[in-house]
Amino acid sequence: MSKPLGDIVEALGGTRHGSPDLLIHRLAPLATARAGDLAFVAQARYASQIDSTAAGVLIVPPSLEAQALARGACIVADDPYLYFARLTQWWRQQNETTPPPGIDPLASVHSSANVEDGVSVGPFAVVGEGARLARGARVGAHCVVGEGARVGEDTVLHPRVTLGQACTVGDRCVLHSGVVIGADGFGFAPHKGAWVKIEQLGAVRIGNDVEIGANTCIDRGALDDTVIEDGVKLDNLIQIGHNVHVGAHTAMAGCVGVAGSATIGAHCTIGGGAVVLGHLRLADGVHVSAASVVTRSLLKPGHYTGMFPIDDNASWEKNAASLKQLNRLRERLKAVEQAIEQALQNNTKP
Amino acid sequence: MSKPLGDIVEALGGTRHGSPDLLIHRLAPLATARAGDLAFVAQARYASQIDSTAAGVLIVPPSLEAQALARGACIVADDPYLYFARLTQWWRQQNETTPPPGIDPLASVHSSANVEDGVSVGPFAVVGEGARLARGARVGAHCVVGEGARVGEDTVLHPRVTLGQACTVGDRCVLHSGVVIGADGFGFAPHKGAWVKIEQLGAVRIGNDVEIGANTCIDRGALDDTVIEDGVKLDNLIQIGHNVHVGAHTAMAGCVGVAGSATIGAHCTIGGGAVVLGHLRLADGVHVSAASVVTRSLLKPGHYTGMFPIDDNASWEKNAASLKQLNRLRERLKAVEQAIEQALQNNTKP
Amino acid sequence: MSKPLGDIVEALGGTRHGSPDLLIHRLAPLATARAGDLAFVAQARYASQIDSTAAGVLIVPPSLEAQALARGACIVADDPYLYFARLTQWWRQQNETTPPPGIDPLASVHSSANVEDGVSVGPFAVVGEGARLARGARVGAHCVVGEGARVGEDTVLHPRVTLGQACTVGDRCVLHSGVVIGADGFGFAPHKGAWVKIEQLGAVRIGNDVEIGANTCIDRGALDDTVIEDGVKLDNLIQIGHNVHVGAHTAMAGCVGVAGSATIGAHCTIGGGAVVLGHLRLADGVHVSAASVVTRSLLKPGHYTGMFPIDDNASWEKNAASLKQLNRLRERLKAVEQAIEQALQNNTKP
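Chains as they are written, first to last, in full-length UniProt numbering: chain A, 1 to 350; chain B, 1 to 350; chain C, 1 to 350.
Please keep in mind that the hints were generated in silico from the structure rather than gathered at the bench. One should not assume that every hint holds.
[Said to hold, decoys possible] Result set (EDC-like, lysine to aspartate or glutamate): computed pairs, CA atoms no more than 20 angstroms apart in a straight line: (1) A/K300 to A/D311; (2) C/K324 to C/E341; (3) B/K324 to A/D312; (4) A/K324 to C/D311; (5) B/K3 to A/D224; (6) C/K197 to A/D312; (7) C/K300 to A/D284; (8) B/K324 to B/D312; (9) C/K300 to C/D284; (10) A/K192 to A/D171.
[As the list claims (entries may be wrong)] Take a look, some chain B residues computed to stay more than 12 angstroms from chain A by CB distance: (11) D117; (12) H142; (13) H176; (14) L234; (15) A251.
Nothing here was measured: the structure is a model prediction, and the numbers come from that model. Every residue gets a Cβ at the ideal spot worked out from N, C-alpha and C, and that includes glycine.
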């Protein structure tokens, strides 16, 4: 499908330079855009690409208006990246075929479930006793909504999401395929060399506008609930342990692991593959680099990192071997310093 | 639901101080417990919380009996944490509505499958040819039990577990949603720049009392079987490669990866995000810290760690840069030591 | 089942020493093989095992022919490991009961889907509008093939694979249970402390002869597609971000994470648990060790590593503490070197 430039600016604002009838065939990256495409230039530091891209229309910030205009049609917007984000949403809305409301005849919905207006339930989905699907919720094929669980308004469960008993998801959330909400937290008491299970009696509570990536798991709490606040964004294959609390608008990249009872503040970012140990506290505004291991509470906002720098293997082997001697090296250095100190004192003696 | 204190002590033992009719509304953490709640104090070092908690009843060890009694009702137990674990089990039993035995009419069970008494099979589950579901097994919605696979007595497969062909799970196990048992191990022979698949002809054998977390994968063996012994506890999103052998009562936290043919002893613990390379052997009683990479066999019991300490990013950048010079630093230090040694020898020459 | 030695050599070539009627009961590892089993010796360095194994028949390279012959029956092949790989395939073919072509009556296949000859679709699978299942494709139970998606010839989707809208998988691929192809990439624009979703308008394109392990996720592209080229092999629980490009015949072990827009060359290997950050480029023939974090482009083929060496915990603690002083140590060493230099200059003054 194609859309006229005028429709875009009418819907999303910004200043249009170029004919409203100019047809946009595709949204495209600057580097691969073709003549009928629309691309964006987020910041002045990408200005050099304005002249090299083949894109028919550009979204640019005011500072690049003159340069963009010199080459052709453009939309001027204060924050081109944000404009572009909203444009992708509008573009999808123009195309998307949302499933019509209704319960697929191949779904299994308990008679006591509370299914509000505009809800769709896909084939082979299972909705348990007393579950509630709020207005406009979309439950994909093969989803399981457990007993007494709640799916908020306009929330989308992609195919094959499991929402455990008594767990709740707020409004306008998106849960991708393979997500498991409310499996048991990992709790056992040691006894004579074996492990005695601690039944997990809490649930999971997820706020509004949360997105959860494919195959990510959020465990139910042991006694109290595990809590994900509004606006949190979790990528794929993340593990959130029991009784974790994730503050509003925090984002985590793929493969992160957060151990039980960690409390993560609002507006944090956690890089891919990072690990947060249990019972720690991260302040609001903490940013953890990819693959770093958080082993202590981080009570001040800031940027934290801990990761072995990659190197060619031969160099790494030498440095890694020396690393195992590092404390010894430190002691040797201290001895050297003391020897020099002593020598200097001897030399300055009368 | 609420339960009288007397019922709890009657079922689980311990010494009761307080009326048997005292109603317990909830099991709760010490910090958030309210008047009608029951909480536990595991060890003497938490004694200070006895006076600050609002919990109506406490479980305490004998050493804290006097202090607990001074504030109100309590249960005295030799190991309060173990007592608490058993209490969560009892509490759940009082509440739980186990699915009634029977095969959901929306399940697909092969006519040759051996379904014993007391088995429940959820909607849209698939049970293959010659599979066996032992007495009391519970197979959740969307599970797949492959041809010739076996689910042991009273074992619970939560919704959406895949148990591959010929794989077996023992008695009283719990497998959480998204678990995949018996996918192919990762085996290929290199040939002219491409990979030729080695078909995986082994299976997976899982012992009794094993718990496996959400979205965890255990691959089938190449020729022999992959083996998980009794009492093993695996958290979520763990990868167990082909022909791995995990000894009894070993526990692994989330996001661990164990590569093919590793042999892990009994009573080990592996921290979250740790990686164990292939063909290694870990003795019984080895404890690996979170996010550590096991690159060699660990033949002595003990506690092992390898993880870059987290720091503020600016400090990390400096130290990481120096780390790439570490072997060179070591050589420079040696040169310095030799220079000093030489100088001292010169000074002591007659 | 058992097969005569003669049938194997007839099908797969090699030089047979021993009766063609000798029955092979099982393919087995050298160490655990019994009298009726066939095992392989890949290289001369395993020669010592030839005399200790109980295997009835061995596959050996020409250099070991004499030694193997001295103990009994054998097959001589130029590359025994490759021969063994092909033998596992042949062995499986002799045994396997492929599902008969046809659509299970419990599947939900859209009337507009294009289902070619020889296709099988399992129970509770969902095939969307306009999807195409090419000749011989096998779609397992609980799979979802989205609108307009394509499954190539003879490709196998094991039970519970999700293939998103408009995503395509080539011929002769194998996707294991729990795989999610085409979930949304992780893209958000920051705005006033919250995150505005960037709809992911691209798809995923997977080449021929690709294998993808259990619970692995490959996200759809933001604008362009995410691309996996021919012959790529991905293990379990891997995360591939949006717009990643993986070159032909590259293999990744379990738990790897590749962030968005990374471009990985052909014939690379990435060890288990490694992380590749976004927007990087890895040349053809780059080999990354397990658990290493790729933080910069690697433009030359070679072997790269970055991982903290594991140690007993007490030693690690000391070295890790010193590591946080490493840059300071380097400065102290420099000061010592300068002091010595100065002292030497003073001593050599006339």
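Quick rundown of the hints versus the structure:
{"no.": "1", "hint": "A/K300 to A/D311", "in the structure": "violated, 31 angstroms"}
{"no.": "2", "hint": "C/K324 to C/E341", "in the structure": "violated, 28 angstroms"}
{"no.": "3", "hint": "B/K324 to A/D312", "in the structure": "holds, 10 angstroms"}
{"no.": "4", "hint": "A/K324 to C/D311", "in the structure": "holds, 8 angstroms"}
{"no.": "5", "hint": "B/K3 to A/D224", "in the structure": "holds, 18 angstroms"}
{"no.": "6", "hint": "C/K197 to A/D312", "in the structure": "violated, 38 angstroms"}
{"no.": "7", "hint": "C/K300 to A/D284", "in the structure": "violated, 40 angstroms"}
{"no.": "8", "hint": "B/K324 to B/D312", "in the structure": "holds, 19 angstroms"}
{"no.": "9", "hint": "C/K300 to C/D284", "in the structure": "holds, 8 angstroms"}
{"no.": "10", "hint": "A/K192 to A/D171", "in the structure": "violated, 46 angstroms"}
{"no.": "11", "hint": "D117", "in the structure": "holds, 24 angstroms"}
{"no.": "12", "hint": "H142", "in the structure": "violated, 6 angstroms"}
{"no.": "13", "hint": "H176", "in the structure": "violated, 4 angstroms"}
{"no.": "14", "hint": "L234", "in the structure": "violated, 9 angstroms"}
{"no.": "15", "hint": "A251", "in the structure": "violated, 6 angstroms"}
The structure shown violates the earlier hints numbered 1, 2, 6, 7, 10, 12, 13, 14 and 15.
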